[in-house]
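Student: One letter stands for each residue in the lines below.
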Amino acid sequence: MSSGTTLGARGRPAPPGTATLGTDQDPQVARIARSPEFQQLVSERTRFAWTLTVLMLIVYFGFIGLIAFDKSLLAVKVGGTASLGLFVGVFVILFAFLLTGIYVARANTRFDALSDALKRSFGR
Amino acid sequence: MNRLLLGLTLAAVAASAAYAAGPDLGAVQQSATNWPAILMFLFFVLLTLGITYKAAKGTKSAADFYAAGGGISAGTNSLAIAGDYMSAASFLGISGLVYTSGFDGLIYSTGFLVGWPIVLFLIAERLRNLGKFTFADVASFRLDQTSIRIISAVGTLVVVAFYLIAQMVGAGKLIQLLFGLPYLYAVIIVGVLMIVYVAFGGMKATTWVQVIKACLLLGGATFMAGAVLLKYGFNPEVLFASAVQVHPKGDAIMAPGGLVSNPVEALSLGVGLMFGTAGLPHILMRFFTVSDAQAARKSVFYATGLIGYFYILTFIIGFGGIALLMSDPSYFKLGPAGAFDKLKDMIGGTNMVAVNLANAVGGPYFLGFISAVAFATILAVVAGLTLAGASAISHDLYAQVIARGRTTEKHEVNLSKFSAVVIGLVAIYLGYVFENQNVAFMVGLAFAVAASCNFPVLAMSILWRGTTTWGALTGGLVGLISAVTMVVLSKAVWVTTFGHPAPLFPYDNPALFSMPLAFATIWVVSLMDKSRRAQRERAAFEAQYVRSETGIGASGAHAH
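In order, the protein sequences belong to chains A and B. Using my numbering, the first residue of the first sequence is number 1, and each one after it goes up by one. Using my numbering, the first residue of the second sequence is number 1001, and each one after it goes up by one.
Only chain B is shown next, with the shape it has when bound in the complex (with noise of 0.2 Å):
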């Protein structure tokens, strides 16, 4: 399976690569080595380390390994849950959209949120009941094991490829921007870290380290629009209207513009947000990390709260950065007679507005202190999917599919940590090797992947009766398939990347098609299954029925 990934990858790097398209940030220069960011990041990564050390002395067993031993508290987890949504794209990319279109940001982060909701309503505390490591132990809990942990596993392993590409070369050209290192030594350094962390520490150090980072990255956020809304007398009117004033787009970045152009991909980007949130693996596999269903519940609620709390501050310093940037020439590259076009021509690109405001509001260290947190942001996404990635290989294919059941749990963590290895090489490999290459669809591919795979096969699995496991492998296999295909032949691939005059597929967001046809299939599949083993799958939905309701026989905490 790992192979076959590998492949599939190798080929679509092979494919991009013989298409070269235009970069995706713009050319990126190198800036001057920043000592105070270096020194506060090697701040964080020394703390870290420690932390992964303590951890992998407490990691014995394979809960130990894959879920904290269940030991997380509802706080916690909210906070690593937020941080894995915090990352530096909404980070960075929220607030520089804010910069450039105003309201728009704010449709990003309304459907960046409100998938929260529903993973609560429907979802999370049924996968606590449920399951024990990964979301294929509840999808798989009475259909049949090999089938449902192969779909479930290639869901997995596509979204975190796709989440782990965008992310390393985010990462790449971040890194040169801020620390002024060069890119490949960037990509290499996230890429051991990302190693150590998950290899060595398990769930234990991957949510400590996101959760260090998600309490760094909100105070740090926290500052910044408050320093901004004191600057206009906490008076966001005040702030509006300076921004407004400076603007070039003048009043019309109050109102919503150009981002959204046609309804139908307006309500498809808003259902592979929303419900790509409740397919993401890496967010799944956090509700094995509690206790018990009422933890699985809280932490979906204050993370709900925190990442509402965070959006709402990206909005501000996107406000703070047009208000007080865009009058100041020194944040731009000047041209002659020192013009300069204020949404283009900012130094380091409009996903600096966060970095530069920092300067602006707190001085050079300040600017350290949000560009070691940008980089802190980076990894601790990062080893949250490489975790996922890892427990699919071991867990669900390695240990169910290949071995059939029949292995030591020693063995299965040790897999893991190789996989852990093996997917962090591949990824400083990609991460190299994309440098060039348009990356900005494959954070979009990866949710639509989520809800057009992921969700509609855990969904149907634990709310419908009927749902079999043929039913379940070719819906999953239709909805990955057709948000893959949909992507491929939409504009931001056929045309950026492979050259093509004109797109086949008119949207830039599949969910809105693929996500109902895997839903369509699961039900018409399921409903003309008549094999024994589907009166079987149908017959048991009884028993995890009661228990996805109840908890009862759900796995305790520990491993004993």
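Chain A with its partners taken away, still in its complex shape (with noise of 0.2 Å):
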């Protein structure tokens, strides 16, 4: 990772506008913002993450849905005692943990071999 070069080295962020990035001097940031590296990785990634952010909404609201409009369904029971209910809230927490390591495996794989070509192109 490249550091704050163009940061406050100590304590502060430099005010933004002025040469955070070198904002409005820098004409590196308008090369590499339209450069097909950065489009890619910033199309896929967004899809990506915003594809798993509506998958855990269903499931959670689903099942926030289903507490408040057909309790007697998760009251059915599944194997003697245990009740349906039961076992949708344990998957809620399962399948939370399991998309965030969905995430984190193709963050780690793809999203940063595209990331790393993009620095490299811009040999940063």
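Just so you know, not all the hints are guaranteed correct.
Said to hold, decoys possible - Distance condition first, Cα-Cα at most 20 Å in a straight line; then the derived EDC-like pairs of lysine to aspartate or glutamate:
hint, chain 1, residue 1, chain 2, residue 2
1, A, K71, B, D1104
2, B, K1249, B, E1237
3, B, K1249, B, D1345
4, A, K71, B, D1251
5, A, K119, A, E37
6, A, K119, A, E44
7, A, K77, B, D1104
8, A, K77, B, D1251
9, B, K1060, B, E1409
10, B, K1249, B, D1341
11, A, K119, B, E1542
12, A, K77, B, E1237
13, B, K1342, B, D1251
14, A, K71, B, E1265
15, B, K1344, B, D1328
16, B, K1231, B, D1328
17, A, K119, B, D1292
18, B, K1333, B, D1345
19, B, K1491, B, E1265
What the hints assert, rightly or not - Coverage of chain A stretches by chain B, computed from C-beta distances (three or more under 8 Å per stretch; other residues unrestricted):
hint, region
20, 38–52
21, 81–93
22, 96–103
Calculated directly from the structure, the hints in this document are not laboratory data. We put the CB at the ideal spot given by N, CA and C, even for glycine.
Since each chain comes alone in its own frame, lean on the hints to assemble the complex.
Tutor: Listed below in structure tokens is the structure:
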């Protein structure tokens, strides 16, 4: 990771719009932003992250929705005493962990590779 | 600003003192002095003070003080994040909730957990790439420093204040019960120790205190859940069956019950828990303690696993409490003829389920251990909160707003240490005056404000090009004010604390309304903002975008 070249090295970040990343002066930023590598990285990662976010929202609010609207379904017995709701609740917990794992696995391989390629091509 | 907050809290104190309400945990009786617990706690204190001393010697720069020099590993950070989340309220409160209502405890556990994936997918890496010490660094990256730091710092301080009061009062009552120490002593011990950790050891000490406590708590809870399962042949089905047999609500504990009575309330609670997580300042600041975005991302992954595991343990502990304690009269206050109410008469109240269960499965020394861990838990959480509050005062309000960036790093860190002392003293005072007040709503309020003020400002400033200073400022204010107002007008405050006959706002949780209101305000005001500054801010988005997505130009791990 490149170190804070344009930041105040100690303490505070430089005020924005002045020298941070050379906002206005640095034509590098515009070149990076327009490069196909950057656009591919951002569009792939954004799509992936939002897909997982929506999945998490659906699963969690689906669970809350069942609690709110169909308590009797969650009370259905599966195997003696344990209810369906119990399994769904534990599933929500495991699902959250699984999703973060999927994201990290993908980020560690695909997104980091794209990001490294981008940094190489801009010599940073 | 500090004075304003103090004024506000004093006004709140005066108001609630005038409308005295029933105590929260019920009148807590001081128990006999528990020596094993006190000795084990003293050992924890000595250990953490040693760490604080070491950390203090190594804390030289602002980066050391606020962010532990960026040198915390992903694994350590995940334990610290999990530790921040595994508060005494989670451990004792959720196991107690499972004990009284069974399944309903899971609603809180899942809600507390599912915020983490959202933090990971949308916030964590960008936060690390853009920020340095506080989330206001990120929110104000391309927006006006003064306005955005004020709204972020106010959001931070409100969250910290309510969270802290709830923790202090909880600490006082808990320690009265667990250690047999007077309430005021307990509050003073917590306050003084947290001042020492934060003022001397900064983020390094705060992190390691949290990590040690997280390991102790996870170890203790694992042992307890394991001992419960062992008694039932590691077959949860047998545990559930015997719990249903002795619980007064019978089979109803296996299904959703009365905790969430109407759909709007359920959704609002869910929104508040989920997005509040993404706006808690003491959690967000932990992303600045790791070296880079990769480490930030890994720490969320591990932390999610640890927190999920912990909540499954509390669920088993709650059911173990039902199965093992409910038929044993020695854990209850007995009425005439030895009769007792299994749900109401537990010694120390239902928050003590985990503690009493520790005695049942591990004897008095394990009881002492769990009591000491519960105390350590509170201590570690309040230290993190204090550091978040002190950073907001010194790094955001003082350095950027009052001194306008013209201050030295040393001066800023000294002010932060001083703020930590002041916050600690105020917390002791508030803990003292709130002793017999209902503080149960305060953690909920902290989550609601985090979800309705901090999270929208942060998310919109990093994710949407069109966000302008005016938009973020008004949206954050609208979120903050609406969340606080709705809670004040809700049953918990309007009826329970102020004694009015009916609540003016029908729901306990405001987030479903206040959070979208904040987002909508940011959006509309930003769209209407045609000022020159707004155009500059939109133009500056590209540079922020490149850095937030790639880390190019991000501040490095260490100050040079």
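Student: Which numbered hints does this structure break?
Tutor: No hint contradicted; all consistent.
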